[in-house]
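For the record, the sequence lines run as chains A and B.
Per the numbering used here, numbering of the first sequence is gapless, rising by one per residue and ending at 222.
Per the numbering used here, numbering of the second sequence is gapless, rising by one per residue and ending at 237.
Rather than coming from a laboratory, the hints here were simulated on the basis of the structure.
A virtual CB, placed ideally from N, CA and C, is assigned to each residue, including glycine.
Treat each hint with caution, since some may be false.
As the list claims (entries may be wrong) - Okay, the calculated bits of chain B under chain A, using three or more residues with CB under 8 angstroms as the criterion:
| no. | region |
| --- | --- |
| 1 | 8-17 |
| 2 | 36-47 |
| 3 | 98-111 |
| 4 | 171-184 |
| 5 | 217-224 |
Unchecked claim - Straight-line alpha carbon distances no greater than 30 angstroms define the calculated DSSO-like cross-link-like pairs of lysine-lysine that follow:
| no. | chain 1 | residue 1 | chain 2 | residue 2 |
| --- | --- | --- | --- | --- |
| 6 | A | LYS196 | B | LYS104 |
| 7 | A | LYS73 | A | LYS87 |
| 8 | B | LYS104 | A | LYS87 |
| 9 | A | LYS4 | B | LYS10 |
| 10 | A | LYS4 | B | LYS9 |
| 11 | B | LYS116 | A | LYS83 |
| 12 | B | LYS232 | B | LYS165 |
| 13 | A | LYS83 | B | LYS10 |
| 14 | A | LYS153 | B | LYS42 |
| 15 | A | LYS73 | B | LYS42 |
| 16 | A | LYS108 | A | LYS93 |
| 17 | A | LYS190 | B | LYS10 |
| 18 | A | LYS108 | B | LYS42 |
| 19 | A | LYS77 | A | LYS87 |
| 20 | B | LYS9 | A | LYS3 |
| 21 | A | LYS73 | A | LYS196 |
| 22 | B | LYS104 | B | LYS10 |
| 23 | B | LYS167 | B | LYS232 |
| 24 | B | LYS165 | A | LYS77 |
| 25 | A | LYS2 | B | LYS9 |
| 26 | B | LYS196 | B | LYS232 |
| 27 | A | LYS190 | A | LYS77 |
| 28 | A | LYS3 | B | LYS10 |
| 29 | B | LYS10 | A | LYS2 |
| 30 | A | LYS77 | B | LYS232 |
| 31 | B | LYS42 | A | LYS112 |
| 32 | A | LYS87 | B | LYS42 |
| 33 | A | LYS77 | B | LYS104 |
| 34 | A | LYS73 | A | LYS190 |
| 35 | A | LYS77 | B | LYS116 |
| 36 | A | LYS93 | A | LYS73 |
| 37 | A | LYS83 | B | LYS104 |
| 38 | B | LYS232 | A | LYS73 |
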Amino acid sequence: MKKKSVITCLFIMLVVVMMFGVYQIYAFLTHESTSVHQFQIDEITGTVNVDGAEYVSVVTTDDLAYYDYADFKVANKYDLINKMASKIEVEIKFNSNFNTRTLIRLPKHSEKIGICYIVLIGEEPFSSTSIDFSSVNDNDDFRTILDNYNQSKLEDLYTKNVNAGSTNLQTFKFNVLVWGDYYSLSDSDKPSYLNKEYDLNIDAKIVQAIDEYGGTLDYEND
Amino acid sequence: MKMINTSNKKLYLVIAVVMLALITFTTIAWLSFGEEIEKIFKPGDFELQTVYTDSTDSSSITPEKGVYHFNGLSKIDYESVKEQVDLGYELPVHHLENIKIDLKVNAKIAGYLRVKVLDEWVVTRDYFNFDRVTTEVVFKEYDEDENGNIILHFDVAEGWVYDEKTKYYYYSELIEGGTTNLSIPFITGGISYSPKTSTTYYEVCVASVSSIAEMVQANRYEAIWGITEIPKEVSNG
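Given only the sequences and the hints, what does the whole structure look like? Please build it.
Shown next as structure tokens:
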């Protein structure tokens, strides 16, 4: 009796698995023929390069320069601002035969005391016209404006469908410019600012374009 | 029997939850591709080295030896040379006119470079007075002529601009971040003083040369060096 109950239970579970599996897979099965229905399961594959090499583990650099927020309000200082920026250069090469979206997440500046950063999509330059800093009165304003800019750029990026490439190999690039931010440090940390290290985490993903649950796009929670 | 049925139900429920979780986890894993990237940033700095050589044979000139001018000959140092000359020893020659100073730079971040030359010229005049010699120091500084014009005692390479207010030579080009083992010519030779001689006296000129080289992060020269801009016009005075 007990054995029969177990077998019954397992059978029911198997049916449940198949039901859920079919429901999940349905979102990206492709229809190849009207006479014979053939379905294949697609996936996204590729490589992620950081600073010119395939990303394997944490990358380290020792070229961080501290920069004053006031200089970002001066148009003719942007040549130097760019030259003095430390960078993360990311290139994602991926293969998909269905539409995709690009999901990039950066932490808020409140989580990364000591550095400030801006995301640039593709070959986009960073110039005095990139962001309006005229309302900046202090370092907090500056960091808030950078947060708003990054969030806006990445949310806008996420809303755009990337059509499946005919060669099935696509490339997406973005850079993050980073500077040291002395004025965001606490008073106790300022004396040792030249010896401090900072880490920045970036979540970079290519995801399928169709929201499988049929709901609206949600950059924060997707 | 009742206890066994209740126990089985709990078991089935646990199995169902586990299976559902596995399905969900497995399905989500291949809806996306990417990485969580982490990069660590450390502040950059500079490495700066001043290299003194003799341009005739590229031999190095060390602070211990120095470079002096003595009536066209060199000395190790004034006091010891007088002693050595009196004893009749030959001395190595590093003539002031052959002095060469280069800056070796490694820069993790972009910066500007400046150098101050510290030179002291001591000219003494020995008067003959029968069997006695009286030594008189004629001058110790040799920076201005009789009209008050600054005299530059060295030939300076291209790219350097002298600022009279700070008395530094500024390298007008920005040193880019990521620069490694860059050798920048600074001084390519000295302009010697011509000691005078007469029937009653002869002069001896000893020049001591050293330098202070500084590098600053490119956006901080105003605050650190107290100047409003990096001198750009090429001038050798």
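Hints versus structure:
no.: 1; hint: 8-17; verdict: holds (count 5)
no.: 2; hint: 36-47; verdict: holds (count 10)
no.: 3; hint: 98-111; verdict: holds (count 3)
no.: 4; hint: 171-184; verdict: holds (count 4)
no.: 5; hint: 217-224; verdict: holds (count 3)
no.: 6; hint: A:LYS196 with B:LYS104; verdict: holds (27 angstroms)
no.: 7; hint: A:LYS73 with A:LYS87; verdict: holds (21 angstroms)
no.: 8; hint: B:LYS104 with A:LYS87; verdict: holds (26 angstroms)
no.: 9; hint: A:LYS4 with B:LYS10; verdict: holds (16 angstroms)
no.: 10; hint: A:LYS4 with B:LYS9; verdict: holds (14 angstroms)
no.: 11; hint: B:LYS116 with A:LYS83; verdict: holds (27 angstroms)
no.: 12; hint: B:LYS232 with B:LYS165; verdict: holds (15 angstroms)
no.: 13; hint: A:LYS83 with B:LYS10; verdict: violated (64 angstroms)
no.: 14; hint: A:LYS153 with B:LYS42; verdict: holds (27 angstroms)
no.: 15; hint: A:LYS73 with B:LYS42; verdict: holds (25 angstroms)
no.: 16; hint: A:LYS108 with A:LYS93; verdict: holds (27 angstroms)
no.: 17; hint: A:LYS190 with B:LYS10; verdict: violated (58 angstroms)
no.: 18; hint: A:LYS108 with B:LYS42; verdict: holds (20 angstroms)
no.: 19; hint: A:LYS77 with A:LYS87; verdict: holds (18 angstroms)
no.: 20; hint: B:LYS9 with A:LYS3; verdict: holds (14 angstroms)
no.: 21; hint: A:LYS73 with A:LYS196; verdict: holds (26 angstroms)
no.: 22; hint: B:LYS104 with B:LYS10; verdict: violated (76 angstroms)
no.: 23; hint: B:LYS167 with B:LYS232; verdict: holds (15 angstroms)
no.: 24; hint: B:LYS165 with A:LYS77; verdict: holds (25 angstroms)
no.: 25; hint: A:LYS2 with B:LYS9; verdict: holds (12 angstroms)
no.: 26; hint: B:LYS196 with B:LYS232; verdict: violated (39 angstroms)
no.: 27; hint: A:LYS190 with A:LYS77; verdict: holds (25 angstroms)
no.: 28; hint: A:LYS3 with B:LYS10; verdict: holds (16 angstroms)
no.: 29; hint: B:LYS10 with A:LYS2; verdict: holds (14 angstroms)
no.: 30; hint: A:LYS77 with B:LYS232; verdict: holds (17 angstroms)
no.: 31; hint: B:LYS42 with A:LYS112; verdict: holds (14 angstroms)
no.: 32; hint: A:LYS87 with B:LYS42; verdict: holds (12 angstroms)
no.: 33; hint: A:LYS77 with B:LYS104; verdict: holds (27 angstroms)
no.: 34; hint: A:LYS73 with A:LYS190; verdict: holds (24 angstroms)
no.: 35; hint: A:LYS77 with B:LYS116; verdict: holds (28 angstroms)
no.: 36; hint: A:LYS93 with A:LYS73; verdict: violated (36 angstroms)
no.: 37; hint: A:LYS83 with B:LYS104; verdict: holds (21 angstroms)
no.: 38; hint: B:LYS232 with A:LYS73; verdict: holds (24 angstroms)
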